[in-house]
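Chain G is already provided as a structure; the job is to place chain F on it using the hints.
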Amino acid sequence: MTDIIWGTVTKIITTNSFEMNVSHQKDTNNDSYQDVEQIHFTEIDIPSIPVDESSRDILQIEQNLKDKFVKCEISGRNSENRLVCSVSHSGAGGY
Amino acid sequence: MWTTQILREATNSTYTDLVSGKTPALIVPNVLSSSFCISLSRKILKTNLIGFNLGISKKIGTSLSSHIYKKSEYFSNALLSNQTLKNLFSDNVSPIDVMQQTISKILQKKISPAFENEMIYSLAMIRIHEHGDSVHLHRDNSNFEMSEYGISNLKNQLSAILYLQSPHHGGELTIYDKMWDKNDERMRHPEFGYSLDLIKNVTQKKILPVTGNMIIFNPKLYHQVESVIGLKSRISLGFFFGEKSKNHLCSWT
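Residue numbers (this note's numbering), protein chains in the order written: chain G, 6 to 100; chain F, 13 to 265.
Chain G on its own, in the form it takes in the complex (with noise of 0.2 Å):
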């Protein structure tokens, strides 16, 4: 099963990378994560964010992630130590 954590983006790195503050992790994940993380993401749910990476930039990966409460589905860690991450919105604050 996939490692999952979640939490909130509190700095852009790159177009594809961020750093979270890692809130929660799920009970069966088979390591356990720092309380702050980087994150390398490969997949993101939120439109406004381009797939290709060449039309990104970093005012709109941070107008899009910045402060937001985000899942993290971890399938590794790359040479930078970063996580690399399908990342998703997580549920919702209200209606």
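A couple of the hints might just be wrong.
Unchecked claim - To give an idea of the chain G side of the interface with chain F (calculated C-beta under 7 Å), a few residues:
{"#": "1", "residue": "T13"}
{"#": "2", "residue": "N26"}
{"#": "3", "residue": "H29"}
{"#": "4", "residue": "G99"}
{"#": "5", "residue": "Y100"}
Derived by calculation from the structure, the hints in this document are not laboratory data.
Using N, Cα and C, we set each Cβ at its ideal position, and we do this for glycine too.
What follows is chain F alone, placed relative to chain G:
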């Protein structure tokens, strides 16, 4: 003292006090008569076009929170939802119209349904809370959470709820004297709402769901619906509205 205002006559500060959260809620009594609400509730409970939502057994209508990043699906569902409500209210005056007219009169502003690229938003939602149903602590904040949608740009967003049927016990709306802050996102629950740690020792106001009463409040104040007890459901009709311009409000769900 942080206390609800029961509408006898709107003052100049009614709107600003709601927007700032200085007043937890405005209660507008007897927007609809009891007999009208009873008849409408019977009709609602007979309809079979009922879905479900988090914490709620049944609902009629669609809302943005189920479609945060599924915009085209939302507008398709909104069309169906609006038609369902229109059919449901076809025998009598529409309670949505009554709510809008009442809000317009109280706040002295025009109010109309929100549109985006000629597509109409969902007009309202009926929520049916049965025995044991409750809604966990949350806030509603389209400005922050619904950034894909045009209504996220509307200022001073408020919520309007009309109670169509009171339960025997419970079902109160508890509003806390705490406005959402983006730092609170670290206290989010993955599926819905927030940790109760956010409202420890925070002043609260409980509002009974009295049949025929409408309440208006700032949905960025943390709130929850207490558990309904008994066989009689709590039925409410609600929508959000915000400022398109100083004197023009737009509504959606």
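Do the hints match the structure? See the list:
Here the hint on T13(G) is kept, as its CB sits about 4 Å from the closest CB of chain F, short of 7 Å. Checking N26(G) against chain F: minimum C-beta separation of about 6 Å stays under 7 Å; hint holds. The beta carbon of H29(G) comes within 6 Å of a beta carbon in chain F, closer than 7 Å, and the hint placing it at the interface holds. Given hint, G99(G) at the interface with chain F, holds; its Cβ is 4 Å from that chain's nearest Cβ, closer than 7 Å.
Of the supplied interface hints, the one on Y100(G) holds, with its beta-carbon coming within about 5 Å of a beta-carbon of chain F, less than 7 Å.
Of the numbered hints given earlier, the model fails none.
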